[in-house]
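**Student:** One-letter residues, chain by chain:
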Amino acid sequence: MTPAGRLTYRRAVNRVMLTLTGVCAAGIVSILLFILGYLLVNGARSLNWSFFTELPKPVGELGGGMANAIIGSGKVLAIATAIGVPVGFLGGVYLSEYGSTTFAFLVRYTTDLLNGVPSIVVGIFAFSLFVLRAKHFSTLAGGVALGVMMIPIAVRSTEEFLRAVPTGLREAALALGTPKWRMLATVVIPAARDGIITGIMLNLARVAGETAPLLFTAFGNTSWSPGLNHPTATLPVMIYTYALSPYDDLHRQAWAAGFVLLMLVLTVNVSARFIVARSGPAGGR
Amino acid sequence: MPMPMESRERVPGPPRARVAVPDVPPGIVDNVAVPTSSLAEPAEQPLFGPGVTEKIRVSGLDFYYGATQALWNISMRIPARHVTAFIGPSGCGKSTFLRTLNRMCDTVKGARVHGEIHLDGEDVFELDVVALRRRVGMVFQRSNPFPKSIFENVAYGLRVNGGLSRAAIAEQVERSLQRAALWDEVKHKLHQSASGLSGGQQQRLCIARALAVDPEVLLLDEPCSALDPIATAKIEELLLGLADSCTIVIVTHNMQQAARVSDYTGFFLLGKLIEFDRTERIFQNPARKETEDYVTGRFG
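Chains U and G supply the protein sequences, listed in that same order.
Everything in the first sequence is counted per this note's numbering, starting at 1 for the first residue and increasing by one.
Everything in the second sequence is counted per this note's numbering, starting at 1 for the first residue and increasing by one.
Same shape as in the complex, but just chain U:
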């Protein structure tokens, strides 16, 4: 090939690859926009004030809302976070900073296995742990099921982000006569903070849409669910039930619930990042 020919060839390859990467990037964004738009178009007619404030109407009546399911999902996710985040975070700190033995290998291996357990099996676990004993469904059982599902990813993402903190920072702290726990708390974890929080947010978004483990733990409820010890409606289970029903109005409400669920996750995500960004200089930079 002549030098000029080679240049033409290189430019052509460059154009093709640039187009490919651009198309894929645009594809990712358009999938989200498409889903959002589709949910909105199909559920728009049910998205009104009463959707957020009213209880579901009995079958056959039009209107009604999902206030109880929105609160129910919130409660279930709060319990899941209260279980999954501390256990996952502390486990990740152990694996990254202290675990170098056979035990750590075992923990890492079982964590990966746990991550591969189908969500419905996790639901059965919570079912036999809570529902069978208490002889009734409950918010708590649903929260525990989702919390268990959060643990493996929380562990591994925390571990990875902590490992990525440069050795130089650790050595600088240790060389000042800092005890290891204090080095972790004041230098390593703050430097990894943004990554760890992102990991938790993605994790929360993932379990927020889980339906299977809630079917026989939180179950469902046509009315309010006081406390944590009663069955509760949740958005994913409502979507599931309504989508299977033969009524158009309920179909529309299922679409609207999907939209609300997505927006809830997005809101939590954005506000968490906002709080982090406000709380001081970020680590690692």
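Hint data in this document are derived by calculation from the structure and do not stem from the laboratory.
Keep in mind that the hints are not guaranteed to be accurate.
[Stated by the list, open to error] Dumping the calculated SDA-like pairs for lysine to any residue here, alpha-carbon to alpha-carbon at most 20 Å: (1) U:Lys180 x G:Arg103; (2) G:Lys189 x G:Ala170; (3) U:Lys75 x U:Ser223; (4) G:Lys109 x U:Phe52; (5) G:Lys109 x U:Phe103; (6) G:Lys109 x U:Ser100; (7) G:Lys109 x U:Ala164.
[As the list claims (entries may be wrong)] A few chain G residues that don't get close to chain U, going by computed Cβ distances all over 10 Å: (8) Pro50; (9) Val52; (10) Gly60; (11) Thr68; (12) Met76; (13) Met104; (14) Gly115; (15) Pro145; (16) Glu174; (17) Lys189; (18) Asp228; (19) Leu240; (20) Ala243.
By construction, the Cβ of each residue, glycine as well, lies at the ideal position given by its N, Cα and C atoms.
Fit chain G to the given chain U structure using the hints.
**Tutor:** Frame of chain U, contents of chain G only:
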């Protein structure tokens, strides 16, 4: 384990030392600024002159990374409130040796030490490692400021130690930045991020951070290797000033630097301490052939 220093054939594997490309022309000895009066002193005079006391004593130190022995039977006495430099080709063990002095080598998996190191007569392997590192500070090759503000970087060690009021911390931060010759450059932006500083400023910030806890000994591991000559000159000047109050031990690639800043110099080769003496003697009248070859650029 007793071992004659000459037995190089016992070093496992290929020698890790690169054959030095001399960074100094052979005429360097003439350029070394040392008091000429010392040349007249008899060769058999004691290592430490009058008024010089011992800060660290190392006896028979062997160091292993797993199965690889990195240091062989090192013994030396490091004088208090002077600058001691370690020179030698890459991989000769000088940094490893430096890291045994504050037990930073403890953090390396599979690292083992035999032999003794005494700090003011106390066995450092018996001391609590946290307490030891408060007395023996360290500055690293790559500047490593915390992702915090300039003020918080210097205050870090003070906060870890605890027991100081806010005012006392602020005062000590200012004093440390002044000792590190950085105060005038940063006093207007103490609460900005340290990552906005230049490389040389970051390294002086790291020195200020180490000085803030008033260490008895300051170890520096090639602190200028990533810096330009002007930043290097600032740090060298600073070290000369610090030696009045602090014992300084510096590892350097740069022989001129050792000649400029140090009172005592140790020459390492393939994990062994070949020679340790007053700097002017190492550079002008070394006792050993290897040292002479290295400092005159004829190493090989």
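**Student:** Check the structure against each numbered hint from earlier and tell me which ones fail, lowest number first.
**Tutor:** 4, 13, 15
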